[in-house]
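*Asks:* Chains as they are written, first to last, in our numbering: chain A, 1 to 341; chain B, 1001 to 1223.
Because the hints were derived from the structure by calculation, they are not lab data.
Incorrect hints may appear among the rest.
[As the list claims (entries may be wrong)] If you anchor each label on the Cβ, the simulated ranges turn out as follows:
1) LEU1054(B) x GLY11(A): 29 to 39 Å
2) GLU7(A) x TRP1058(B): 21 to 31 Å
3) SER1025(B) x LYS62(A): 40 to 50 Å
4) GLU81(A) x THR1218(B): 16 to 26 Å
5) TRP1058(B) x HIS148(A): 32 to 42 Å
6) THR1061(B) x LYS62(A): 44 to 54 Å
7) ASP185(A) x TRP1058(B): 41 to 51 Å
[To be verified] Derived contacts from chain A toward chain B, CB cut-off under 10 Å, selection only:
8) ARG30
9) ASP88
10) GLU89
Every residue gets a Cβ at the ideal spot worked out from N, C-alpha and C, and that includes glycine.
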Amino acid sequence: MINRLIEPTSGCISIGGVDITDQPLTELRRGIGYVIQQVGLFPHRTIAQNVATVPRALGWDKERIAERVAELAELVGLAPELLDRYPDELSGGQQQRVGVARALAADPPVLLMDEPFGAVDPIVRGRLQDELLALQQLVHKTIVLVTHDIDEAVKLGDRIALLNVGGVLEQFDTPDAMLAEPTSDFVEEFIGEDRGIKRLRLRTVADLAFQQGPVVDVDASIQTARAVIAEHGTEWLGVTVDGVFDGWAPVAALDAVLSLDQLDLAPPVAQLGPDSTLRNAMELIMASNTSVAVIADQGRFAGVVRLEQIRAGLRVPVRHLGHSGGADGSEGADRSDRSDP
Amino acid sequence: MIQLAQAANPIIRWEYFVDEWDQISEALIQHLQLTVAAVGIGIALSAVLTAAVLRFHWTATPISGVTGVLYTIPSVALFGVLVPYTGLTIWTAVIPLTAYTLLILVTNFVAGFRSVPPAVRDAADGMGLTPVRRVLGVELPVAAPYIITGIRIATVSTVGLVTVAAIIGQGGLGRLILDGLRRTFWTPMVIGAMLSIVLALVLDLVIQMVGRLVTPWTRRSRA
Chain A
1 MINRLIEPTS GCISIGGVDI TDQPLTELRR GIGYVIQQVG LFPHRTIAQN
51 VATVPRALGW DKERIAERVA ELAELVGLAP ELLDRYPDEL SGGQQQRVGV
101 ARALAADPPV LLMDEPFGAV DPIVRGRLQD ELLALQQLVH KTIVLVTHDI
151 DEAVKLGDRI ALLNVGGVLE QFDTPDAMLA EPTSDFVEEF IGEDRGIKRL
201 RLRTVADLAF QQGPVVDVDA SIQTARAVIA EHGTEWLGVT VDGVFDGWAP
251 VAALDAVLSL DQLDLAPPVA QLGPDSTLRN AMELIMASNT SVAVIADQGR
301 FAGVVRLEQI RAGLRVPVRH LGHSGGADGS EGADRSDRSD P
Chain B
1001 MIQLAQAANP IIRWEYFVDE WDQISEALIQ HLQLTVAAVG IGIALSAVLT
1051 AAVLRFHWTA TPISGVTGVL YTIPSVALFG VLVPYTGLTI WTAVIPLTAY
1101 TLLILVTNFV AGFRSVPPAV RDAADGMGLT PVRRVLGVEL PVAAPYIITG
1151 IRIATVSTVG LVTVAAIIGQ GGLGRLILDG LRRTFWTPMV IGAMLSIVLA
1201 LVLDLVIQMV GRLVTPWTRR SRA
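Pulled out of the complex, with its shape left as it was, chain A reads as follows (with noise of 0.2 Å):
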């Protein structure tokens, strides 16, 4: 309806102020860049006739048509022998990189997405989205993106619009807090089950409050250390060097030191870095012996995180807008980091 192939029975849409209806059918058109499930590459074109399409229908020049056609290849990762080939000739994920690659032609501010992964396997699918992600990255585009697959909406969605059979709008909101307080049972039941472990791929390490934890630095006297455990009740102690953590020892290790660099120490299990995911400190605090994910930022100790903080982050959905990786949305979603009127 946005590009108006349906025509808006009431209400208006506006795209950067300008009721969508109040302009010419076919100009409105070329400024949204539309991307479709079966991708309806033109068959008797060679795949950089199509990306041509719209620069064409507007009229530029052949070589300006040249130059962004090359130009689009390399961004949406299309090998350039493949431009002279015909759609017919291309796999599934290729030919949805043509797709793409067409509807961004002639730089619209607004693409329109209906399903653009459906038609293509689990592995391609989960491929394109993060190429998805990564070209948004660089374009800045407002993405409206249509899909049935609520999992793809959180990992794509800045924003997710539930509509229910009908079109009714059942939520509109930022994918944590949806996943954090659905509004309806039918929302609840859309998202599934399992929506806290989902919330975990959305937030980062970086949306909790580091503690510095039971870890010490190497200078430190061993009475600090005792203090500091006996702080935390904790079975281990860490150890940094520089402010870079070095490892973990176990408390009864002290008895038999003078001072802690004559400490064993066990290397952590990994350290995360602050735009991991809580999904990965997750699955760190699993592995470790020590309950505790090490945080280090571009090397140096940041601090910890222990389960506890994970659950604390989580009670309070995060609302606001770019940051983390996170795009678009289930039956409709929008991506609106655009800064541009």
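For chain A, the structure is supplied; the task is to place chain B on it using the hints.
*Replies:* This is chain B only, laid out in the frame that chain A set:
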């Protein structure tokens, strides 16, 4: 006895080619003209009818009904019926010949346009192509393989039917056949029939080749 008969009336007398070449070439050219005229007019009419079928769905049944009935009328009868109206002119031949092409052409044209994937049409609209550009620039090329097949079949069948038009004095190569039949003289009959077959095959090949040239994408498949 058999040898005698053959000597008296062989299947083909090659000197006939030389002696009657003017007549043969004239018949051949006329045959070609009638075929091209009938198929050409047929294509134009079928384009209009196809547009009607695709645009106004209710016309599909009457159009397929009428073209179907036309196709069933014996050609000799149709030529005869037209004589009082159009006389022994070229139109008396072209009108029925054209009528016979319609069923084949419309059926194939419609099938061609219906073969255009809805997603392709959707994409064309969604990207802001004008309806004219969508039909001529997208749907027509995608439908081309069907359209070309229709034209091939119509042409080959018309080449055969043109011979019948000889009974109203038009006929092209049919005149040679009729002449041979009347005189129980095998040579013109065989030559007329053979040339008709050759003409049909040549035209079929030409159209097929043109078709391949204009639809290069159909010959490549996924690597």
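*Asks:* Hints the structure violates: just list their numbers, smallest first.
*Replies:* none
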